[in-house]
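Add chain B to chain A, keeping to what the hints say.
Chains as they are written, first to last, in the working numbering: chain A, 1 to 397; chain B, 1 to 136.
No lab work stands behind these hints: they were computed from the structure.
Heads up, none of these hints are tricks.
Label pairs and their in silico Cβ distance ranges:
#1 B/His52 <-> A/Glu247: 43 to 53 Å
#2 A/Thr5 <-> B/Val47: 16 to 26 Å
#3 B/Glu40 <-> A/Glu171: 27 to 37 Å
Computed list of chain B residues with no C-beta within reach of chain A, every gap over 12 Å:
#4 Glu5
#5 Ser11
#6 Leu12
#7 Phe42
#8 Ser78
#9 Ile81
#10 Asp107
#11 Lys108
#12 Ile109
#13 Pro111
#14 Val112
#15 Asp113
#16 Leu127
#17 Val131
#18 Lys132
#19 Lys136
Computed from a prediction, not measured in an experiment: that's the story for all the values here.
From the three backbone atoms N, C-alpha and C, an ideal C-beta is built for every residue, glycine too.
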Amino acid sequence: MVKKTLIPIGPYHPLQEEPELFKLYCEGEIVKDIKWETGYNHRGIEKLSEKKTYDQSFFLVERICGICSTSHPFAFANAVEEIGNIEITNRAKYIRSIIGELERIHSHLLWVGLAGHFLGYNTVFMWAWKYREPILDLFEMISGNRNSYAMFKVGGMRRDIENSKIPLIQEILDKFKKKNNLLVGAVMDDPVLHARTKGVGVLTKQDIIDYAAVGPTARASGIDVDVRRDDPYAAYPLVNWKVITAEAGDVFAKAEVRLLEMYESISIIEQCLEGLKKEKEGDINVKVKDIPEGWGTGRAEAPRGEVFHYVLSDGSNSPARHKIRAPSYTNIATFKKSCVGQTISDATISLAAVDPCYCCTERMAVAYDRNTGEKIMNGKDLIALSAKKTENIKNQF
Amino acid sequence: MGFKEFCFKKSLWLFHFGGASCNNCDIEILDCLTPRYDVERFGMLLVGSVRHADVLLVNGSINKRDKSRLLEIYEQASKPILVVAIGACGCTGGIFAEGDTFAGPVDKIIPVDAYIPGCPPKPEAILAGVVKLLNK
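So that you can see chain A by itself, here it is in the shape it has in the complex (with noise of 0.2 Å):
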């Protein structure tokens, strides 16, 4: 008979960064069940939003994730904006887009430096890392900060990119692109990485769509989604690109749809740069006087995937009811599929490879039947379910 081992990795573990706790139940080498646990990292930003003023809730959404911190502000603006029917200037669309891509960018070259370390790999971070460090500058230069750019508020930027700074941004594009191009290829035709990550972690089409999974975990397995298409928001309509699919649905998949995005990515900022210069300088701001009674909802791409916001105006300065959804909340829950089967070496990587982040995931939600229209679990119900487990210990003594 083969013995049951429990393997805890967290809640503060040096493999991860933030605060989770995974518990592997083994068999010996192999993952025979994976549960986690969450709240390390709560902080009440949906109930914080209702007690600040909408142009103060973008510095607060902003630092739900610090990796997000375009995405989040992004679907929030779209929600606001669909709540005071705000039209954006075409510059203001396409200074939206280029802060998104370069975030794009840089979370994706995040993501390959991490995968790499938890492989085991640590040059691949090094490079990958060293190579972000272009873009932060970008950011430095544009928004003057290298992480939570500030730049979003209802009905436009806080700051311009004047149009003097075009060609330098166009300047340090074309050096980070040559070398990506040597990170790209080293990483694909990396034969000890093909070993670690072909056929690891697989997730099928039907695996994303029972699970919901979203961005660039769904788009490996084949699946053509992307907000960027199916919803169009800022300037993503008035650029040419093309959503980047793969089928295998292993970890080298994922690798692989982020790393040609990143090209994507620099397409769509060239783009957005020629249509910076047609516009006028300064014009990025429309008046906004108030925001009515009514809600609205918003959508973007962020690197994992879609954001999704929702909030409720009373006509007030403030959201009446602010309820945000991230990416990793669906993404997390493969994990189930993809790494149950899988030796423990490989199950690092496997969760690596959705590039869960927790600080966007640490919300409540309820789930309701599709069919019947009930909730499946709601707080009155986790509360009796405890009850009776109390009960039932009780009448074992």
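Relative to the frame of chain A, chain B by itself:
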């Protein structure tokens, strides 16, 4: 030379505790290790266990669930240990200080030797903070 100076004379090993943060400070701490800033040339190394560490880096606001863990980790650490609170959230709670789950800034829970403000602090600022701490 006092005992404390003797302990911190050579390579400092770091342990990173990320509380309820937005990840930015975590990334900037990791960024310090990568080629552009490369703190490893000063002998600084991120280690897996706080028992091996000389410096405890704490970032992020501390929520009710983290609080007991942070205390436990501090108690596990071999003394003397330098505690550095990184980022606005680590120093004061920052934007999350009004939150329902907030359990007090780091210095209300464990003694802190240095504060590095910023949201997030740049890698240069983190390096400067550690150097200042050593010269104290």
